[in-house]
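Colleague: The lines below spell out each chain.
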Amino acid sequence: SQQGEEDPQALSIQEGENATMNCSYKTSINNLQWYRQNSGRGLVHLILIRSNEREKHSGRLRVTLDTSKKSSSLLITASRAADTASYFCATDGGGADGLTFGKGTHLIIQP
Amino acid sequence: DAGVTQSPTHLIKTRGQHVTLRCSPISGHKSVSWYQQVLGQGPQFIFQYYEKEERGRGNFPDRFSARQFPNYSSELNVNALLLGDSALYLCASRGQVRYNEQFFGPGTRLTVL
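In the order they appear, the protein sequences are chains A and B. When the first sequence is numbered by the numbering used here, its final residue is 118 and no position is left out of the sequence of numbers. When the second sequence is numbered by the numbering used here, its final residue is 1089 and no position is left out of the sequence of numbers.
Honestly, the hints are just simulated from the structure, not real lab data. From a predicted model like this one, the values you see are computed outputs, not experimental measurements. Cβ coordinates follow ideal geometry from the N, Cα and C atoms, glycine included. Each hint should be verified, as a subset may be incorrect.
What the hints assert, rightly or not - Label-pair distances were calculated between CB atoms; the ranges are:
| no. | chain 1 | residue 1 | chain 2 | residue 2 | range |
| --- | --- | --- | --- | --- | --- |
| 1 | B | 1058 | A | 59 | 34 to 44 Å |
| 2 | B | 1038 | A | 117 | 41 to 51 Å |
| 3 | A | 115 | B | 983 | 29 to 39 Å |
| 4 | A | 59 | B | 991 | 45 to 55 Å |
| 5 | B | 1049 | A | 82 | 31 to 41 Å |
Unchecked claim - Computed far set for chain A versus chain B, every beta-carbon distance over 10 Å:
| no. | residue |
| --- | --- |
| 6 | 19 |
| 7 | 20 |
| 8 | 21 |
| 9 | 24 |
| 10 | 26 |
| 11 | 35 |
| 12 | 48 |
| 13 | 50 |
| 14 | 62 |
| 15 | 64 |
| 16 | 66 |
| 17 | 71 |
| 18 | 74 |
| 19 | 75 |
| 20 | 82 |
| 21 | 90 |
Go ahead and model the full structure; you've got the sequences and the hints to work with.
Modeller: In structure tokens form, the structure reads like this:
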């Protein structure tokens, strides 16, 4: 079963604009991770934020985590055509049950 | 260093057959996990292996099995294939730090006819 829910399911913006994706989850977590997937290929790890962190940056990426609301957001600034992909959040409960993924947000960057 | 590798890339089988998918983790990684991704959905956890022992199992039927070898590579086996088993099967490896990111391979695309 999917724990996370990404919002929106699809997002289309112009190149250069910022893209924001949200993720909600249901159970307690140890950390939350964001991944990118191009055209049904393998997942690329983008960023990991631990449950005791509130915000993290990596290049053009900014992730926030609100454990009281069980939600996270991923902001991609100054978007590029190459950012076109599906983005997934995944929660890690810290046990041996692997990552629990949402259904993803499909991001399209219009040139 | 090579990333996670998976073989084969694509596979076509018919209902009732069995399939074996292979994964080699990043050098030095001892944990391997398997995920199934049906079209339009996020990946779903199938198995986690660490030091050749099964450490976690998702909600999949007994037709799915896996093992990890002394060199930490892994196989996923699926018996009595159903049409619904058609999916992208992803393997991920993780380093020795327990709570860190998983690195995914390119996946094996399985089509069951």
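Colleague: Hint by hint, say whether it matches the structure.
Modeller: Do the hints match the structure? See the list:
| no. | hint | result |
| --- | --- | --- |
| 1 | B/1058 - A/59: 34 to 44 Å | holds (43 Å) |
| 2 | B/1038 - A/117: 41 to 51 Å | holds (47 Å) |
| 3 | A/115 - B/983: 29 to 39 Å | holds (32 Å) |
| 4 | A/59 - B/991: 45 to 55 Å | holds (48 Å) |
| 5 | B/1049 - A/82: 31 to 41 Å | holds (38 Å) |
| 6 | 19 | holds (18 Å) |
| 7 | 20 | holds (21 Å) |
| 8 | 21 | holds (26 Å) |
| 9 | 24 | holds (25 Å) |
| 10 | 26 | holds (18 Å) |
| 11 | 35 | holds (13 Å) |
| 12 | 48 | violated (6 Å) |
| 13 | 50 | violated (4 Å) |
| 14 | 62 | holds (18 Å) |
| 15 | 64 | holds (16 Å) |
| 16 | 66 | holds (16 Å) |
| 17 | 71 | holds (18 Å) |
| 18 | 74 | holds (15 Å) |
| 19 | 75 | holds (21 Å) |
| 20 | 82 | holds (19 Å) |
| 21 | 90 | holds (19 Å) |
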